[in-house]
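4 protein chains.
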Amino acid sequence: MIQHETRLRVRYAETDQMGYCYYGNYAQYFEVARAEMIRSLGFTYKDMEAKHDTLMPVMSLNIRYVRPALYDEELRLMTTLRKLPSKTVTFYTEVYNEKSELVCGGSVKLGFITSAKGEGIEAPEVLLEKLRPHFEDTES
Amino acid sequence: MIQHETRLRVRYAETDQMGYCYYGNYAQYFEVARAEMIRSLGFTYKDMEAKHDTLMPVMSLNIRYVRPALYDEELRLMTTLRKLPSKTVTFYTEVYNEKSELVCGGSVKLGFITSAKGEGIEAPEVLLEKLRPHFEDTES
Amino acid sequence: MIQHETRLRVRYAETDQMGYCYYGNYAQYFEVARAEMIRSLGFTYKDMEAKHDTLMPVMSLNIRYVRPALYDEELRLMTTLRKLPSKTVTFYTEVYNEKSELVCGGSVKLGFITSAKGEGIEAPEVLLEKLRPHFEDTES
Amino acid sequence: MIQHETRLRVRYAETDQMGYCYYGNYAQYFEVARAEMIRSLGFTYKDMEAKHDTLMPVMSLNIRYVRPALYDEELRLMTTLRKLPSKTVTFYTEVYNEKSELVCGGSVKLGFITSAKGEGIEAPEVLLEKLRPHFEDTES
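Chain order of the listed sequences is A, B, C and D.
Per the numbering used here, the very first residue in the first sequence carries number 7; after that it's consecutive.
Per the numbering used here, the very first residue in the second sequence carries number 7; after that it's consecutive.
Per the numbering used here, the very first residue in the third sequence carries number 7; after that it's consecutive.
Per the numbering used here, the very first residue in the fourth sequence carries number 7; after that it's consecutive.
Same shape as in the complex, but just chain A (with noise of 0.2 Å):
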């Protein structure tokens, strides 16, 4: 298992006439928190798609809102990777705001495709070479 934190604050732009964070926007913040959480590891998304040609679609997306989170607030992201990715891989992310109660928690399936043909593929070794030392206590 694999667990990491990550910062950010609510954007002006990010709020609507309700005073909330738009709901919609979190689906960003998840794709910050799990690029963070890679980069955590030695590696980036950005190099996965410049350098070793996958891209990751993102497959499925559940949110459950708890309370809003408000402008300027600083949002603190708890992104999990329970297992190894295989043909897909699903970041869990939990979002607390100042005060440590939960604003919201979700996941994100994504699988793997090669850029060129948009073929589904498996995890790219690359990846998981970074990841195994992570899963390997777990799994014994």
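If you are wondering where the hints come from, they were derived from the structure by calculation, not from laboratory data.
Treat the hints loosely; a few may be bogus.
Just so you know, same-sequence chains aren't split out, so a pair can sit in one copy or run between any two.
Under the rule of at most 20 Å between Cα atoms (straight-line distance), these lysine to aspartate or glutamate pairs were calculated in the EDC-like manner [claimed, not checked]:
| no. | residue 1 | residue 2 |
| --- | --- | --- |
| 1 | Lys-115 | Glu-100 |
| 2 | Lys-57 | Glu-107 |
| 3 | Lys-52 | Asp-78 |
| 4 | Lys-105 | Glu-135 |
| 5 | Lys-52 | Glu-42 |
| 6 | Lys-105 | Asp-78 |
| 7 | Lys-52 | Glu-142 |
| 8 | Lys-136 | Glu-125 |
| 9 | Lys-89 | Glu-104 |
| 10 | Lys-105 | Asp-59 |
| 11 | Lys-57 | Glu-79 |
| 12 | Lys-93 | Glu-107 |
| 13 | Lys-115 | Glu-125 |
| 14 | Lys-52 | Glu-80 |
| 15 | Lys-52 | Glu-104 |
| 16 | Lys-52 | Glu-79 |
| 17 | Lys-57 | Glu-104 |
| 18 | Lys-93 | Glu-128 |
| 19 | Lys-115 | Glu-42 |
| 20 | Lys-57 | Asp-78 |
| 21 | Lys-89 | Glu-131 |
| 22 | Lys-123 | Asp-78 |
| 23 | Lys-105 | Asp-53 |
Small disclaimer: the values here were computed from a predicted structure and weren't measured.
Model the placement of chains B, C and D on the given structure of chain A, informed by the hints.
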């Protein structure tokens, strides 16, 4: 049951470098679809907020992505309301491309709160009276 | 000169906690307006990219805001092309609300580059031939 | 004069199919930059709204784009306040990429209004007292 169709075109701003409509934008598209369904009933979400002091915060969002939508495609959004709202309401939306292929499908569950106190309430009568005629047949 | 009108409705996602359409969204609205102008001429920006290997990166953006646009307002976007494109093209757009009051006005200047090499080029002939008939009277 | 630097990273959501950071996103980046400048002075825009009943609607936006910003680049935003605010305030922001090349530069002019009546007012004293120490030298 109520079903409503609305159309919108993918903006350049909404594409990403994969050449797809970014996965987070569908939350906005679903918002447009449910607002247009309500308008088709002779009511508006705008008036619900402005005249009836009722806000509808989102409680959950689920989307399953089947194929990408591309820049400039005119998407057809098919939204269904299967049950009369009570404390919550769930809208189901399917998105089709110009070839009538399914792009994605999902649901959004919303609650009702008073704008003054933020307390959860039942769906306002002003909305229900617009909806009931569409559900009478299926309930008898 | 070419003038073209298009309409769009302010989405909830596009409002901010001030209750206004966020100032950054007009860049998207201007994009929709110029894409629709090009479509009205029997051409599409999509085809310029996909079939004619020409991209149009933005070189400058200027907007003067007069009054806010509000949620659910149907805005009228009036776009004008005052001169035939050469190495660049400038679109002027004025945005009006439902009371025909000016919301904002601005201009976007774009260049033309080849998608392969990213080199600056002249406006492609396929676009110019659609535009010329509209400029002949004013030039004679 | 006050100058302040802040950094942010281009999100995948913010790219477009040209592979660039979409031109409209810089309005959001400029917003982040000026909010962070105000925070660095020991004040927040959030408090200006919440505690001092003052909103700052945008009056004009001007951007000149020099080169594209790309996905995952960490951008450096250099924001300058050249004059003390009066009825309006203008922030100048330059955006640099990781190679310290200029991506774009622009300015945003904002007014001050009361949240209650929406009337134009002078910059609130609570903001001016934070700013004055930075302008005393240059004015003498």
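Checked hints:
no.: 1; hint: Lys-115 <-> Glu-100; in the structure: both (15 Å within a copy, 19 Å between copies)
no.: 2; hint: Lys-57 <-> Glu-107; in the structure: neither (39 Å within a copy, 23 Å between copies)
no.: 3; hint: Lys-52 <-> Asp-78; in the structure: between (28 Å within a copy, 7 Å between copies)
no.: 4; hint: Lys-105 <-> Glu-135; in the structure: neither (37 Å within a copy, 30 Å between copies)
no.: 5; hint: Lys-52 <-> Glu-42; in the structure: within (11 Å within a copy, 27 Å between copies)
no.: 6; hint: Lys-105 <-> Asp-78; in the structure: within (13 Å within a copy, 29 Å between copies)
no.: 7; hint: Lys-52 <-> Glu-142; in the structure: neither (26 Å within a copy, 46 Å between copies)
no.: 8; hint: Lys-136 <-> Glu-125; in the structure: neither (23 Å within a copy, 38 Å between copies)
no.: 9; hint: Lys-89 <-> Glu-104; in the structure: neither (29 Å within a copy, 34 Å between copies)
no.: 10; hint: Lys-105 <-> Asp-59; in the structure: neither (41 Å within a copy, 24 Å between copies)
no.: 11; hint: Lys-57 <-> Glu-79; in the structure: between (36 Å within a copy, 16 Å between copies)
no.: 12; hint: Lys-93 <-> Glu-107; in the structure: neither (34 Å within a copy, 24 Å between copies)
no.: 13; hint: Lys-115 <-> Glu-125; in the structure: within (17 Å within a copy, 34 Å between copies)
no.: 14; hint: Lys-52 <-> Glu-80; in the structure: between (25 Å within a copy, 12 Å between copies)
no.: 15; hint: Lys-52 <-> Glu-104; in the structure: between (30 Å within a copy, 15 Å between copies)
no.: 16; hint: Lys-52 <-> Glu-79; in the structure: between (28 Å within a copy, 9 Å between copies)
no.: 17; hint: Lys-57 <-> Glu-104; in the structure: between (38 Å within a copy, 19 Å between copies)
no.: 18; hint: Lys-93 <-> Glu-128; in the structure: within (4 Å within a copy, 44 Å between copies)
no.: 19; hint: Lys-115 <-> Glu-42; in the structure: within (16 Å within a copy, 29 Å between copies)
no.: 20; hint: Lys-57 <-> Asp-78; in the structure: between (36 Å within a copy, 14 Å between copies)
no.: 21; hint: Lys-89 <-> Glu-131; in the structure: within (15 Å within a copy, 47 Å between copies)
no.: 22; hint: Lys-123 <-> Asp-78; in the structure: neither (42 Å within a copy, 22 Å between copies)
no.: 23; hint: Lys-105 <-> Asp-53; in the structure: between (35 Å within a copy, 18 Å between copies)
Taken one by one, the earlier hints fail for this structure at numbers 2, 4, 7, 8, 9, 10, 12, 22, listed in ascending order.
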